[in-house]
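Visitor: Single-letter residue listing:
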Amino acid sequence: MAHAVEHEYTTTGLNHRKMLMWVFLGSDCLFFGSLIATYMVYRGQSLVGPYPVDIIDIPVTTISTFVLLMSSFAMVQALAATQADNRRAIVGWLMATAVLGAIFIGFQVVEFNTFKNEGLTLGGNLFGATFFTLTGFHGAHVTLGVIWLVALAILGAKGRLGPNTALDVELCGLYWHFVDIVWIVIFTLLYLIGGFDAGPTALPGG
Amino acid sequence: MAAITGVIPRPTSYAGLWGWMTTVDHKRIAVLYGVTALILMLIAGVEAGVIRTQLASADNDLIGPGRFNQMFTMHATVMVFMVIMPLSVNFFNFVIPLAIGARDVAFPRLNALSYWLFLFGAILMHMSFVVNEVPDAGWFSYANLTEKPFSVNRGLDYWSISLLVLGASSVAGGLNFIVTIINMRAPGMTMMRMPIFVWMTLITSLLLVLAFPVITVGLIELTMDRNFGTHFFIPAEGGDPLLWQHLFWVFGHPEVYILILPPMGVVSEILPTFSRKPLFGYPFIVFSGIVIGIMGWAVWSHHMFTVGLGPVATSVFTITTMLIAVPTGVKIFNWIGTLWQGAIEFTTPMLFALGFVALFIVGGLSGVSHAVAPSDFQQQDTYYIVAHIHYVLFGGSMFGLFAGAYYWFPKITGKMLNETIGKLNFWFMFIGMNLTFFPMHFLGLNGMPRRIYTYSAEFGWENLNRLASLGYIILFIAFLLFIYNLLQSRNSRRVGHDPWDAPGIEWSIASPPPPYNYAEIPQVLGRDHYWIVKANAEAAGTPITAPEPLVEPSSIHMPSPSYWPIFTAAGVALIGGGLLSHYAISFVGGAIAFMGVISWGNEPPAAPADHH
Numbered sequence: 001m002a003h004a005v006e007h008e009y010t011t012t013g014l015n016h017r018k019m020l021m022w023v024f025l026g027s028d029c030l031f032f033g034s035l036i037a038t039y040m041v042y043r044g045q046s047l048v049g050p051y052p053v054d055i056i057d058i059p060v061t062t063i064s065t066f067v068l069l070m071s072s073f074a075m076v077q078a079l080a081a082t083q084a085d086n087r088r089a090i091v092g093w094l095m096a097t098a099v100l101g102a103i104f105i106g107f108q109v110v111e112f113n114t115f116k117n118e119g120l121t122l123g124g125n126l127f128g129a130t131f132f133t134l135t136g137f138h139g140a141h142v143t144l145g146v147i148w149l150v151a152l153a154i155l156g157a158k159g160r161l162g163p164n165t166a167l168d169v170e171l172c173g174l175y176w177h178f179v180d181i182v183w184i185v186i187f188t189l190l191y192l193i194g195g196f197d198a199g200p201t202a203l204p205g206g
Numbered sequence: 001m002a003a004i005t006g007v008i009p010r011p012t013s014y015a016g017l018w019g020w021m022t023t024v025d026h027k028r029i030a031v032l033y034g035v036t037a038l039i040l041m042l043i044a045g046v047e048a049g050v051i052r053t054q055l056a057s058a059d060n061d062l063i064g065p066g067r068f069n070q071m072f073t074m075h076a077t078v079m080v081f082m083v084i085m086p087l088s089v090n091f092f093n094f095v096i097p098l099a100i101g102a103r104d105v106a107f108p109r110l111n112a113l114s115y116w117l118f119l120f121g122a123i124l125m126h127m128s129f130v131v132n133e134v135p136d137a138g139w140f141s142y143a144n145l146t147e148k149p150f151s152v153n154r155g156l157d158y159w160s161i162s163l164l165v166l167g168a169s170s171v172a173g174g175l176n177f178i179v180t181i182i183n184m185r186a187p188g189m190t191m192m193r194m195p196i197f198v199w200m201t202l203i204t205s206l207l208l209v210l211a212f213p214v215i216t217v218g219l220i221e222l223t224m225d226r227n228f229g230t231h232f233f234i235p236a237e238g239g240d241p242l243l244w245q246h247l248f249w250v251f252g253h254p255e256v257y258i259l260i261l262p263p264m265g266v267v268s269e270i271l272p273t274f275s276r277k278p279l280f281g282y283p284f285i286v287f288s289g290i291v292i293g294i295m296g297w298a299v300w301s302h303h304m305f306t307v308g309l310g311p312v313a314t315s316v317f318t319i320t321t322m323l324i325a326v327p328t329g330v331k332i333f334n335w336i337g338t339l340w341q342g343a344i345e346f347t348t349p350m351l352f353a354l355g356f357v358a359l360f361i362v363g364g365l366s367g368v369s370h371a372v373a374p375s376d377f378q379q380q381d382t383y384y385i386v387a388h389i390h391y392v393l394f395g396g397s398m399f400g401l402f403a404g405a406y407y408w409f410p411k412i413t414g415k416m417l418n419e420t421i422g423k424l425n426f427w428f429m430f431i432g433m434n435l436t437f438f439p440m441h442f443l444g445l446n447g448m449p450r451r452i453y454t455y456s457a458e459f460g461w462e463n464l465n466r467l468a469s470l471g472y473i474i475l476f477i478a479f480l481l482f483i484y485n486l487l488q489s490r491n492s493r494r495v496g497h498d499p500w501d502a503p504g505i506e507w508s509i510a511s512p513p514p515p516y517n518y519a520e521i522p523q524v525l526g527r528d529h530y531w532i533v534k535a536n537a538e539a540a541g542t543p544i545t546a547p548e549p550l551v552e553p554s555s556i557h558m559p560s561p562s563y564w565p566i567f568t569a570a571g572v573a574l575i576g577g578g579l580l581s582h583y584a585i586s587f588v589g590g591a592i593a594f595m596g597v598i599s600w601g602n603e604p605p606a607a608p609a610d611h612h
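Residue numbers (my numbering), protein chains in the order written: chain R, 1 to 206; chain V, 1 to 612.
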């Protein structure tokens, strides 16, 4: 990762890896798009409870959403520190991002457990299946991001991150912000809008 | 992890089996793709043979319905995902870096990872034969037939998990080629100077990275239904089998263009070469390719007309489907325009390219006939559909890929395939193909449904079926001729760097190309670069007779071989294998994949020893 920078010639002037990351995120959009479409198609189609209104806890998830959004702020600071070649700040902000991401995951673990205890399971109804699949794959993305951030922080502690290798941090940042944005969509659809669904008949025209 | 990176020294040699396993050279990866796909083609061809033998006579009981279902499922799955796609990728790998004047793809190790994921995915799929629990729900595996109560054994799990691995391979490959084509063009190679094959590869790669996530979600939901108790596609629990059909075809229709656009690109290279004139209407071919790439997303429901989506959806998809025939027709007219008044040479690649145009027109016309919903209601699930897809995928894709094989073989190996055997190969394939698939139009219109393992003599389908089975034998001989031609080429004479007097820039370097491709990155003068160079040299009185001179390979900085792509791919395959057997294996696979990725990240793309 952090080896002498080669100024490779590229046709567009954009680095290969950066372009790869952008195209990959485009691909991931379709992945989450399909999962979200599945949720939307099955919204209000569960034959038995628990229904969203019974268990969705908007205040608690608002806190974890806030935590995740703040992690994006820390990520921006980590990149700025890398470009400014401030080693202590690099490690600090990268770890802060990772910790905030881990707290978000912690909230999700607690939420999943609570929902399970309240009777929401993968096999119980369509709401359970779509909810756990969509938020579970998002959580897996966050987990991968946390591992990536920790790996970067280790590199940073070894002094291998700096202005020449800022791209390593920037790529992780692109991924991290993307995962964050996906959560904003999920939070809006599954919690703020869908969180009040009470059953098959509660939807207009449902 | 770093310790392990340190303990195992980085591979340095390209020699022997180990060299092939650690290679990151796009030209060697191309060969790996090609050879693997041909072996799989033999398997899929044998499966087709079983199908044709079973159907050759009425009331046949050679194999039962169960085995028959496995045969058509695996034949189609293997041909689509493990033969036509990798054969196209074989040409992406070999030709794209050469054709844009680059020394390799943008991510050589990612490229190797794509290949190993493809190989391991294919092996995983075929393990289903070992445990005799073979997928048997058709290549589009409609829910809810695929659910546990109706498909009890693990066949469908093998199917979905192997396809997930193959999908990862395709997405990685697509990402790589998008970046390579956009970002690694030689100076002067503007977008509108790119060879059509490069354009079609770019569009195909975009389709790959955007379409595969959709089927990935479908496959994940299917796997969860079968293994983790969800009810995504089970109507009794509120699920909807139609969701599977939508997810499948939102992927599946772009997939059709993933299969046909690369061969269209190949043909667009070959027709000008052997007509001795530039491609007619280059911008029209480019933009019609782009339009196909976009419109391909707006036609998927024509696979579902008989589901009953209602008159509005059916009308909309009828119209979009008929519209997408326009850019396809534009291409065909441009190809014919290229031939017009050309000095046509009937070499083997040219014959295959002409066969492509002719047969694809037949397939395209039957395609338009089921774009019309009322007529599609008659054709749905009959042999008419089987005839259509084989005209576009065999007469189209396969002929295009064979044309490419004959065309680029001298560049890949430095030796020619035998032209006489090649022409025999073409005529056997052309006659066999029409004999096999043309009668299916009539069978379909006479009401023979697809996917039935036998039929009663009184329907009167026996003679045409016999003809189709006879055609299969001829097709199989054509395939054997091709393999023989490949094998005998070891003894054939070496040819020059430019045996076809071709326009592409890849013909300016030695055959086979040196590991670094271009000693000096070329300055591209225009479309048909090498024709321009040769004409200029001719005008100057110094015609070109030799390729670009070779240089000492170590003087050029190239990516070093690496263990980690095959290592990581093995880990990913073990995760899949574990889901099919014991979850413990999945954890081992996960650990291996994780270690592979970390070591990969710690390893610089090129070993520091061979600095520039």
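Think of the hints as simulated: they come from the structure by calculation, not from any bench.
Some hints could be false.
[Stated by the list, open to error] Residues from chain V that keep clear of chain R, each with C-beta distances beyond 10 Å, as calculated:
1) V50
2) G66
3) N69
4) N176
5) A211
6) V217
7) T230
8) D376
9) I385
10) I585
[Stated by the list, open to error] Only pairs whose alpha carbons sit at most 25 Å apart, straight line, appear in this in silico SDA-like list of lysine to any residue:
11) K27(V) x R17(R)
12) K158(R) x Q341(V)
13) K18(R) x P187(V)
14) K18(R) x M191(V)
15) K534(V) x L339(V)
16) K18(R) x Q341(V)
17) K277(V) x F228(V)
[To be verified] Stretches of chain V that chain R covers, calculated by requiring three or more beta carbons in the stretch to come under 8 Å of a beta carbon on chain R:
18) 128-138
19) 235-245
Yeah, the Cβ is synthetic: ideal placement off N, Cα and C, and Gly gets one too.
Visitor: Broken hints, numbered, in rising order?
Guide: Failing hints, ascending: 4, 5, 6, 7, 12, 16, 17 and 18.
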